[in-house]
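K.L.:
Top line first, the protein sequences correspond to chains A and B.
In terms of our numbering, the first sequence opens at residue 13 and continues consecutively.
In terms of our numbering, the second sequence opens at residue 14 and continues consecutively.
Quick caveat, the hints were computed from the structure, so don't treat them as lab data.
Where a beta carbon is used, it is the ideal one built from N, C-alpha and C, also for glycine.
Everything hinted at is true.
Reference listing, derived: stretches of chain B covered by chain A, where coverage requires no fewer than 3 residues with Cβ under 8 angstroms from a Cβ of chain A:
hint	stretch
1	14 to 22
2	52 to 65
3	99 to 106
A few chain A positions that, by computed beta-carbon distances, are all more than 12 angstroms from chain B:
hint	residue
4	D43
5	P101
6	A116
7	A120
8	D191
9	E201
10	R203
11	G216
12	V221
13	E273
14	Q331
15	A341
16	K409
17	V423
18	A509
Okay, the calculated beta carbon distance ranges per label pair:
hint	chain 1	residue 1	chain 2	residue 2	range
19	B	L27	A	A393	25 to 35 angstroms
20	A	A421	B	G34	22 to 32 angstroms
21	B	L49	A	A384	16 to 26 angstroms
22	B	E16	A	G495	41 to 51 angstroms
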Amino acid sequence: MTGGAPSTTAPVPPPGVGPESAACWEVDLSDVLPLVEAVATGGGWPDWEAALLHGARIVDVNARGLELVGAPVGQQAMIGQPVANFCPPESWAILAELIVAVAADRPAHALRTSGIHSFMFRNAILSVWGVPEDGLPDRLWVAVDGDMADDRSFWAVRASEQRYRRLLHHLPGALLQVDARAVGAIFYELRSQGVTDLAAHLQGREELVVTARKLVRVTAANHGAAQLFGAADAETLVGPIDYVFAASPDTARRVMIAHFERRRSHGELMKVRTFDGRLIDVQLTVTFPTPPERLDVSLLSFEDVTERLRTEVQLRQLQADYSRAARIATLGELASSIAHEVNQPLSAIAMNAETSLRWLSRDEPNLAKVDALNRRIADSARHASEIVQRIRNMAAKHAPERVPLALNAVVEEALLFVGHDLEARAITLSAAMAAALPDVPGDRVQLQQVIVNLLLNSVQALAQHGDGGGRLIELRTEAEAGGGVRFVIRDNGPGIAAEDLDRVFDGFFTTKADGMGIGLAVCQSIIAAHGGTIVAANHPDGGALFRFSLPGRPAAA
Amino acid sequence: MREALDDLLQVAGLSSRTYAGAAAFLDDHAPGRFDLLITDLRMPQMDGVELLRRLAATDPGLPAIVVTSDSPSCGQAIEAGALACLGKPVDDDALLLLIDVVLGRERRERPEH
Chain A
13 MTGGAPSTTA
23 PVPPPGVGPE
33 SAACWEVDLS
43 DVLPLVEAVA
53 TGGGWPDWEA
63 ALLHGARIVD
73 VNARGLELVG
83 APVGQQAMIG
93 QPVANFCPPE
103 SWAILAELIV
113 AVAADRPAHA
123 LRTSGIHSFM
133 FRNAILSVWG
143 VPEDGLPDRL
153 WVAVDGDMAD
163 DRSFWAVRAS
173 EQRYRRLLHH
183 LPGALLQVDA
193 RAVGAIFYEL
203 RSQGVTDLAA
213 HLQGREELVV
223 TARKLVRVTA
233 ANHGAAQLFG
243 AADAETLVGP
253 IDYVFAASPD
263 TARRVMIAHF
273 ERRRSHGELM
283 KVRTFDGRLI
293 DVQLTVTFPT
303 PPERLDVSLL
313 SFEDVTERLR
323 TEVQLRQLQA
333 DYSRAARIAT
343 LGELASSIAH
353 EVNQPLSAIA
363 MNAETSLRWL
373 SRDEPNLAKV
383 DALNRRIADS
393 ARHASEIVQR
403 IRNMAAKHAP
413 ERVPLALNAV
423 VEEALLFVGH
433 DLEARAITLS
443 AAMAAALPDV
453 PGDRVQLQQV
463 IVNLLLNSVQ
473 ALAQHGDGGG
483 RLIELRTEAE
493 AGGGVRFVIR
503 DNGPGIAAED
513 LDRVFDGFFT
523 TKADGMGIGL
533 AVCQSIIAAH
543 GGTIVAANHP
553 DGGALFRFSL
563 PGRPAAA
Chain B
14 MREALDDLLQ
24 VAGLSSRTYA
34 GAAAFLDDHA
44 PGRFDLLITD
54 LRMPQMDGVE
64 LLRRLAATDP
74 GLPAIVVTSD
84 SPSCGQAIEA
94 GALACLGKPV
104 DDDALLLLID
114 VVLGRERRER
124 PEH
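Between the sequences and the hints, there should be enough to build the whole structure, so can you do that?
P.N.:
Shown next as structure tokens:
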């Protein structure tokens with residue numbers, strides 16, 4: 013951010029530029045000469061005018077010039093600043109083109125003019141000229157002159173600004189008006205150094221973000237913002253924007269990157285430390301100005317979502333509690349199956365142990381037999397322990413998680429829970445598991461619960477339905493487009509009554525005398541929480557069919 | 014469980030054959046081939062009660078003992094023709110005593126333990 017000293021060889025104002033009436037600036041082009049060259053030879057890029065005027069620095073200004081921009085700043089505050097800060101955006105294109113034309117007009121750098129609109133002058137003329145014979149190739153003078161407009165136009169402008177302030181103040185929600193032009197200058201310098209990826213450039217240069225947080229200023233705040241930030245009044249919030257990002261420094265970095273990439277807006281969830289010391293969750297939305305809007309107005313809106321996030325956490329907990337309650341209910345339905353299953357290895361252990369003792373008590377103990385029997389005892393004990401562990405997992409309290417899961421493995425484990433029910437009711441199971449399914453993110457216990465519930469649903473439908481003659485359950489797993497997976501189960505029972513098809517997933521809907529009707533409802537809530545869908549239908553050849561789909565891993569954000 | 018029973022019978026000096034299911038047994042069986050059947054009730058495809066009903070028709074002379082975790086179904090098993098129905102885990106002394114009685118064998122010396 014250099015600004016040269018005013019030249020001592022200021023040329024005589026050219027004809028048409030009144031030395032007293034005109035607002036006049038001396039401008040240093042040394043930082044943007046390559047850009048001038050590029051544009052003059054047909055290069056540049058879509059937004060080059062902004063870049064040029066951010067790189068062109070004011071080195072001197074006359075009294076009228078200070079008046080014209082109406083800035084509440086003195087001459088010293090204007091010197092060294094980018095021209096863009098004091099030129100209305102609607103005039104950028106005209107001024108930038110004049111500058112390029114004069115700067116590239118070697119060696120004469122002759123005067124060029126153009127008509128512009130101005131609050132202060134009627135029939136305003138913008139003039140740009142340089143020193144002939146390439147006397148000072150990196151200096152230009154810019155002047156605006158015309159007939160003084162009457163005072164009413166000033167009043168009109170002030171009144172509309174007052175209306176705007178009042179509007180801002182009374183708008184619902186928390187709003188900050190921000191002047192981010194200072195970072196415009198930083199961005200220009202970065203671009204001229206060849207930086208195109210600010211995110212990468214900021215790696216290890218966090219001080220740039222810190223600087224920006226001090227340079228960018230809140231220029232107005234409304235009542236809602238004062239409330240949200242726990243400030244005594246809106247005036248307290250005016251000043252460097254630093255405090256907004258105190259609890260979320262990374263947000264400042266991302267806002268800066270969005271601005272650099274010329275995005276229209278940026279939104280994210282952030283944490284805000286309020287003036288009275290609370291830490292709140294806030295949805296931030298930043299709207300960046302783009303020409304021809306006023307470049308000194310970026311708007312930040314804040315919505316306090318602390319309560320909403322807390323409610324979401326409670327809802328998730330409730331869903332977890334609900335599905336656990338349903339799991340325990342399911343285990344209740346499986347109780348006799350479970351007892352039977354656990355009893356198998358225990359009986360084998362007892363009998364193998366007795367047999368071992370018999371071999372040992374022979375006159376010539378058969379140690380080879382005893383060895384084999386003891387190995388079997390150990391295997392059975394491990395098997396019994398696995399069954400208990402599986403059941404304990406189903407019953408345990410557990411925080412829902414998302415880990416990559418192989419659907420086929422989840423299905424196989426679920427089948428262990430109902431194996432005995434299938435056997436006891438002479439139901440034939442056929443399973444067609446797709447090879448090489450992609451893993452999907454999910455909660456193993458909950459998805460197992462869904463599959464067990466669907467299996468039990470079919471088992472119970474078949475049990476109500478005649479005798480063993482060909483009771484059948486078919487399972488299928490398949491890959492879906494986009495990395496998702498699908499599970500389909502079908503039985504050859506009575507199917508679902510047409511009038512019930514829409515209600516099967518409703519809570520407390522059941523056609524069973526002893527059912528609670530939460531099994532299928534919990535299936536739906538679990539699948540929905542996984543971002544998937546579940547549907548119930550009747551198969552054309554008879555029997556009920558349930559199908560659920562789970563989406564694949566979300567694309568890396 | 015099947016293997017455990019096989020071993021128990023072996024140590025008691027009895028020779029036995031095991032089958033993976035009721036159908037496999039029926040395929041292999043002819044009246045007079047075996048002196049005794051020991052079966053579970055819950056089995057895939059054909060359950061124990063169905064097996065007992067079929068045997069009652071084809072080989073009514075074959076005595077059958079049921080061992081099961083599903084003791085409430087013992088009534089059905091007895092009705093279908095089983096001589097006895099034992100709950101799991103099986104008391105091995107009781108089972109061997111029962112077998113001796115059914116086969117009309119001398120009571121063998123059994124080790125104390």
